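Asks: Spelled out, the chains give:
Number of protein chains: 2
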Amino acid sequence: MDAQHHFDEAQRDDIYRVIALRRDTRHFKPGQLVSEEQLQRMLQAMHQAPSVGLMQPWRLLRIRDAALRVQITSLVEAERQATAKALGGRSDEFLRLKVEGLRECAELLALVLPPDDGTIFGRRSMPREMAIASLGCAVQNLWLAARAENLGLGWVSMFEPQALGALLRVPEGAQPLGLLCLGPVDSFYDAPMLELEHWRQRRPLDELLMTDSWSEQDGN
Amino acid sequence: MDAQHHFDEAQRDDIYRVIALRRDTRHFKPGQLVSEEQLQRMLQAMHQAPSVGLMQPWRLLRIRDAALRVQITSLVEAERQATAKALGGRSDEFLRLKVEGLRECAELLALVLPPDDGTIFGRRSMPREMAIASLGCAVQNLWLAARAENLGLGWVSMFEPQALGALLRVPEGAQPLGLLCLGPVDSFYDAPMLELEHWRQRRPLDELLMTDSWSEQDGN
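Sequence order for the protein chains is A and B. Residues 1 to 220, numbered by this note's numbering, are exactly what the first sequence covers, in order. Residues 1 to 220, numbered by this note's numbering, are exactly what the second sequence covers, in order.
In case anyone wonders, no lab produced these hints; they're calculated from the structure. Be careful, since some hints might not be right.
The list cannot tell twin chains apart, which means a pair is met if one copy fits it or any two copies do.
Straight-line C-alpha distance at most 20 Å; calculated SDA-like pairs for lysine to any residue [what the hints assert, rightly or not]:
1. K98 with A163
2. K98 with L54
3. K85 with S125
4. K85 with I120
5. K29 with M210
6. K98 with A166
7. K29 with F7
8. K98 with Q11
9. K98 with S125
10. K85 with E160
11. K98 with R69
12. K98 with D13
13. K98 with V70
14. K85 with D117
15. K29 with G88
16. K85 with G31
17. K98 with T119
18. K98 with I120
19. K98 with Q201
20. K85 with P115
21. K29 with T73
In this text the structure is predicted, and so the values were computed from the model without any measurement.
So that you can see chain A by itself, here it is in the shape it has in the complex (with noise of 0.2 Å):
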């Protein structure tokens, strides 16, 4: 393999530690902004994702008026207050947690499933599960592409995704499934907010990992 398409151990450990290091944020260093050479070049790397038969499933409605801005933070506070209900017994717990960045964060930029396409190849059996894998796909490039450019993303999922589809007016058939809030933070978690806020733990990798068949031991 020639230089131009091998990394060595010092560009692989690079890569491993913007993996380690990337945080999914929620607090952002209000009144910033994000330069547009930045934002094309992230939005680039985000675009370079795989998909399944290169259906490219993923739009980007890059949020600039403030009125809407204010208008999709309700939203999201109105899924928030359903979904501590939903929570019951820790329904306080996870009110006094702050889950998104949505007022502070220098760039909002919502993100949409599209209608379908009709792609066959790679997903006759599994047509919308392969679309929505390959937008996580892509999304997780932008997360990687952001912070290697010392910038925190924050992926937020609450809210009820027909109502963010008629304010932001998605054809039908489309999807929003995140508001993605990127920009300069103060610093980034040493590790998942949830973690450090004691809601919830993660499992290391070798509960997950299996041989041959299924054998996980809780069944989950």
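Chain B: place on chain A using the hints.
Replies: Okay, now just chain B, sitting in the frame of chain A:
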């Protein structure tokens, strides 16, 4: 931001480079191995993915039984034929494409969405979508880690999930979403193989990027 948490321009560019050079791989060097050390590094990187409410909705079955690999390959072949039929006019063209490297790849991993664990945080309104999107993020981490190790990875989604689930004895509510082929390659494609083979061309980013509300020209 201290040096430990900061990415400089050279490091940033390595990360953009791995994102740009990653390819969905179907051509592997046969008869190769991936070292346990490499495999562990890559799987840990995968496992560092974000997930909604920290639910970590990914399970991996490492396929080590050669007879099982043959059975899995048969399921994929059946779905390849079903796909060819569904494609109608492009059926012959499709059948000439190499769509998977199951026989040749060093390691085969079955990727399974586990039964829903009831996580409410961040997915009250979109439970299945957010689990699948999180799993997509994890695979993208693995993909980039593999590329940083100068290894190829291919995500094969041509199978009937129920038939594969039965073969792998996954519990009710779990669903296989991928067969991940991993291993050494002779070279990486310069562009997505589906483009090189003139199956389909990608659309440029600016067609998928809008401002404030949906405005895509072709409504797709």
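Asks: State for each hint whether it applies.
Replies: Do the hints match the structure? See the list:
1. K98 with A163: For K98 and A163, the Cα distance exceeds 20 Å both inside one copy (22 Å) and across copies (42 Å).
2. K98 with L54: between (37 Å within a copy, 15 Å between copies)
3. K85 with S125: Between copies, since 13 Å is at most 20 Å while 36 Å is not.
4. K85 with I120: For K85 and I120, only the inter-copy Cα distance (10 Å) is at most 20 Å; the intra-copy one is 40 Å.
5. K29 with M210: neither (42 Å within a copy, 25 Å between copies)
6. K98 with A166: neither (26 Å within a copy, 42 Å between copies)
7. K29 with F7: Answer is between; shortest inter-copy Cα gap is 18 Å, intra-copy 34 Å.
8. K98 with Q11: neither (35 Å within a copy, 31 Å between copies)
9. K98 with S125: This pair counts as between: shortest inter-copy Cα distance 19 Å, intra-copy 39 Å.
10. K85 with E160: within (15 Å within a copy, 38 Å between copies)
11. K98 with R69: For K98 and R69, only the intra-copy Cα distance (18 Å) is at most 20 Å; the inter-copy one is 46 Å.
12. K98 with D13: neither (32 Å within a copy, 32 Å between copies)
13. K98 with V70: within (17 Å within a copy, 49 Å between copies)
14. K85 with D117: between (37 Å within a copy, 18 Å between copies)
15. K29 with G88: neither (32 Å within a copy, 54 Å between copies)
16. K85 with G31: Neither way: K85 and G31 sit 33 Å apart in one copy and 55 Å across, limit 20 Å.
17. K98 with T119: between (39 Å within a copy, 18 Å between copies)
18. K98 with I120: So K98 and I120 pass the 20 Å test across copies only (16 Å; inside, 41 Å).
19. K98 with Q201: within (17 Å within a copy, 42 Å between copies)
20. K85 with P115: Answer is neither; intra-copy 32 Å and inter-copy 23 Å both fail.
21. K29 with T73: within (17 Å within a copy, 51 Å between copies)
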